[in-house]
Amino acid sequence: MELEAVLTGFLAAAIRIATPLLLAATGELINERAGVINLGLEGAMLAGALASALGALAGGPWLGVLAGLGAGLLIAAVFSAAAIGAGAQQIITGTAVTLGTVGLTGMVYRSAFGPGGLGLSVPTFQPLPVPGLRQIPGLGPVLFEQPVLTYVAWLLIPAAGWFLFRSFWGLALRATGESAEAARAAGVPVKRVRVLATLAGGALGGLGGATLVLAQVGTFAEKMTAGRGFIAIAIVVLGRWRPGGVLLGALLFGGAGALQFGFQAQGVEVPYQVFLVLPYGLALLALAGGMGRSGAPGELGR
Amino acid sequence: MLGLGLAAAGYDAPLALGALFRGAFGSWDALVSATLVRAVPLIVLGLGIALAFRAGGLNIGAEGQLYAGAIAATWIGLQVGSWPGPAAISAVWVGAAVAGALWMAVPVLLRVRFGVLEVISTLLLNFVAEAAVSYAVTGPLREASGAYPQSDPIAVSARLPLLSGSRLHLGVVAAGLLAVLLWILFTRTVWGFRLRAVGLSPRAAEISGRIPVNRVLGAALLWSGALAGLGGGIEVSGVTYSLFQNLSPGYGFTAIAVALLARLHPLGVVVTGVLFGALEAGAQGMQREAGVPAVAVAVAEAGVILAVLLAEVVVRKAAPLRVVRRSGGQAVEDAPSPQGT
Chain A
412 MELEAVLTGF
422 LAAAIRIATP
432 LLLAATGELI
442 NERAGVINLG
452 LEGAMLAGAL
462 ASALGALAGG
472 PWLGVLAGLG
482 AGLLIAAVFS
492 AAAIGAGAQQ
502 IITGTAVTLG
512 TVGLTGMVYR
522 SAFGPGGLGL
532 SVPTFQPLPV
542 PGLRQIPGLG
552 PVLFEQPVLT
562 YVAWLLIPAA
572 GWFLFRSFWG
582 LALRATGESA
592 EAARAAGVPV
602 KRVRVLATLA
612 GGALGGLGGA
622 TLVLAQVGTF
632 AEKMTAGRGF
642 IAIAIVVLGR
652 WRPGGVLLGA
662 LLFGGAGALQ
672 FGFQAQGVEV
682 PYQVFLVLPY
692 GLALLALAGG
702 MGRSGAPGEL
712 GR
Chain B
12 MLGLGLAAAG
22 YDAPLALGAL
32 FRGAFGSWDA
42 LVSATLVRAV
52 PLIVLGLGIA
62 LAFRAGGLNI
72 GAEGQLYAGA
82 IAATWIGLQV
92 GSWPGPAAIS
102 AVWVGAAVAG
112 ALWMAVPVLL
122 RVRFGVLEVI
132 STLLLNFVAE
142 AAVSYAVTGP
152 LREASGAYPQ
162 SDPIAVSARL
172 PLLSGSRLHL
182 GVVAAGLLAV
192 LLWILFTRTV
202 WGFRLRAVGL
212 SPRAAEISGR
222 IPVNRVLGAA
232 LLWSGALAGL
242 GGGIEVSGVT
252 YSLFQNLSPG
262 YGFTAIAVAL
272 LARLHPLGVV
282 VTGVLFGALE
292 AGAQGMQREA
302 GVPAVAVAVA
312 EAGVILAVLL
322 AEVVVRKAAP
332 LRVVRRSGGQ
342 AVEDAPSPQG
352 T
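So the sequences go chain by chain: A and B. Counting with our numbering, you get residues 412 to 713 for the letters of the first sequence. Counting with our numbering, you get residues 12 to 352 for the letters of the second sequence.
Among the hints, erroneous ones may be present.
[As the list claims (entries may be wrong)] Sample of chain B residues with no beta-carbon within 10 Å of chain A, all distances over it, derived:
(1) Thr149
(2) Leu152
(3) Tyr159
(4) Glu300
[Claimed, not checked] Some chain B residues judged to face chain A by a derived CB distance under 8 Å, without partners named:
(5) Ile71
(6) Val139
(7) Tyr146
(8) Trp194
(9) Val308
(10) Glu312
(11) Ala313
(12) Leu317
(13) Leu321
Hints were generated in silico from the structure; no laboratory data involved. We treat Cβ as the ideally placed atom computed from N, Cα and C, and that holds for glycine.
Chain A with its partners taken away, still in its complex shape (with noise of 0.2 Å):
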């Protein structure tokens, strides 16, 4: 009975993790399969967790759920000008728009919150038990009692699945992205593929940051994303740039997430940076580990 309640634990708070990265390993995957690489992700996560924030406070989870979107789709904007519609090198830009990000999220905060940024508390999104499923023993209660935004992202990957490789427009962004050259030739207005992908990519990402403010923390704090956004671009690495890969990826960053409350569970003696180290250590070995570079589109960051 007791490995139960850790295990059903352990597999909750995995999930729980899971769920704000697999939001915006889905984004990234868009724009990657259109050839973009975005590390303004990182921003437009911390960007919509602050939105989030205000909105929720403003008008409920809902409403913080449409700011995170919002601030999202903005930061990849400002991305899209600079790295699509210049041209300008692609990982520089992004870098910076992180960095301006973390800057303003930073302003915007304390000059909303005062200098010492109290501790927030924003309305959150309740478990929502799924009638039926959740009577399923073991699995049931820890799948089917999420938050709503969990649903979101688990019908998301299905969704992405089927407009990547099932849908015309799919097609074209996926041509976009091994090349754009013949994308071209073939009629498909290749910047717009792009700047369109990398918007919903960055939407998704702010929907990932809102989830962290909605549905994990419940609260915000300057640069709470913690290189989050960077996780999900090394996600997409893993999961091969593909729905159900990145889908297995962010419930193992997830699993790593979770084992420091089961080893606290425990009463394992382990320093806590340990745990902090884990993501980052794992997303290194995931990128080395013989996924190497196959199934990357062709000119992706080009």
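Since the structure of chain A is provided, determine the placement of chain B on it from the hints.
Same frame as chain A, now just chain B:
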């Protein structure tokens, strides 16, 4: 530009900009103890980033390498109490540089062996380095009294001499000398030529058959890490004297703007380093006098980086040299660097 942004955000822009200027250049003390002290790490890290970028290696992890250097510098600085000053300081600096290079060895290995982009690996290692500092100051390097999560101050012999009546330390001389040294390396040596050739067109360098691309790139990245680590060592031995979290206010990221604005020119890095040192110093004044959060500077830095990138796009489109650059091996010798210098 900054003024417009401030006004838009609802601050008293003239007051804030005045405070910015006073905080950076308003007095001898502001110039020497605030601006130049902040310029030193920015110059040293900026040089490291310029070195990597010149070879086409995107080191976004200077912040982490700085912390690796700072940890090593603190540990060594605590051991060398009985040494004479020059020996103690040398040990601290060399140790810091080695630590920075070792921190960079992981991304280099991943890049050369597994083709992992150094951008992502160096970025991720920033977070690992911050956790390592957190562990060091709550564990092995925690001060003897155990009151705060910070290390004991390093031995007096390992501290840098100060310009009398100020907080400016010997590191400023080191930063200047390094800039000159790197400039000579870039422009007057085979090593510098190979570096630029690899950065310009790795394929052309490969085809020429005389430039080992991976080795040149790896070396550039390792030296880049060493410089960033040294920057951390200089900061510990000249400014903070002890290790603690948030020791760097993001110098590793600001230094990217420093290097890009200087168009990766080592002597230019000195100028832009002082400029951004002034911006950082002025931001503190702005926060004190006008209540504008100092983080606003990060927005200005991002703006500078984007502006430089866009300017380069314009230059690249205007220049007909693109054809030459793509054409193959023998053209490299005559081709300009991608920054147009």
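For each hint, the structure was consulted:
1. Here threonine 149 of chain B does not stay apart from chain A, with its beta-carbon only about 8 Å from theirs, under the 10 Å limit.
2. Under the 10 Å C-beta cut-off, the non-interface status given to leucine 152 of chain B relative to chain A holds; the minimum distance is some 13 Å.
3. Once the 10 Å rule is applied to beta carbons, tyrosine 159 of chain B is consistent with being away from chain A; the minimum gap is 17 Å.
4. Residue placement check: glutamate 300 of chain B keeps its beta carbon more than 10 Å from all beta carbons of chain A (closest about 14 Å).
5. Evaluation of the isoleucine 71 of chain B hint against chain A yields a held restraint, the C-beta minimum of about 6 Å falling below 8 Å.
6. Given the 8 Å rule on beta carbons, the hint for valine 139 of chain B holds: about 5 Å separates it from the nearest Cβ of chain A.
7. Given hint, tyrosine 146 of chain B at the interface with chain A, holds; its Cβ is 4 Å from that chain's nearest Cβ, closer than 8 Å.
8. For the restraint placing tryptophan 194 of chain B at the interface with chain A, the shortest Cβ-Cβ distance is roughly 23 Å, beyond the 8 Å limit, so the hint is violated.
9. Checking valine 308 of chain B against chain A by beta carbon gives a least distance of about 7 Å; that is within 8 Å, so the hint holds.
10. A distance limit of 8 Å between C-beta atoms decides the matter here; for glutamate 312 of chain B the minimum to chain A is near 6 Å, and the interface restraint holds.
11. Interface hint at alanine 313 of chain B: satisfied, since its Cβ lies 3 Å from the closest Cβ of chain A, which is below the 8 Å cut-off.
12. Interface hint status for leucine 317 of chain B: upheld, as the beta-carbon distance to the closest one in chain A is roughly 5 Å, under 8 Å.
13. Contact between leucine 321 of chain B and chain A, as hinted, is supported at the beta carbon level, the nearest pair being about 5 Å apart and thus within 8 Å.
Of the numbered hints listed earlier, those contradicted by the structure are 1, 8.
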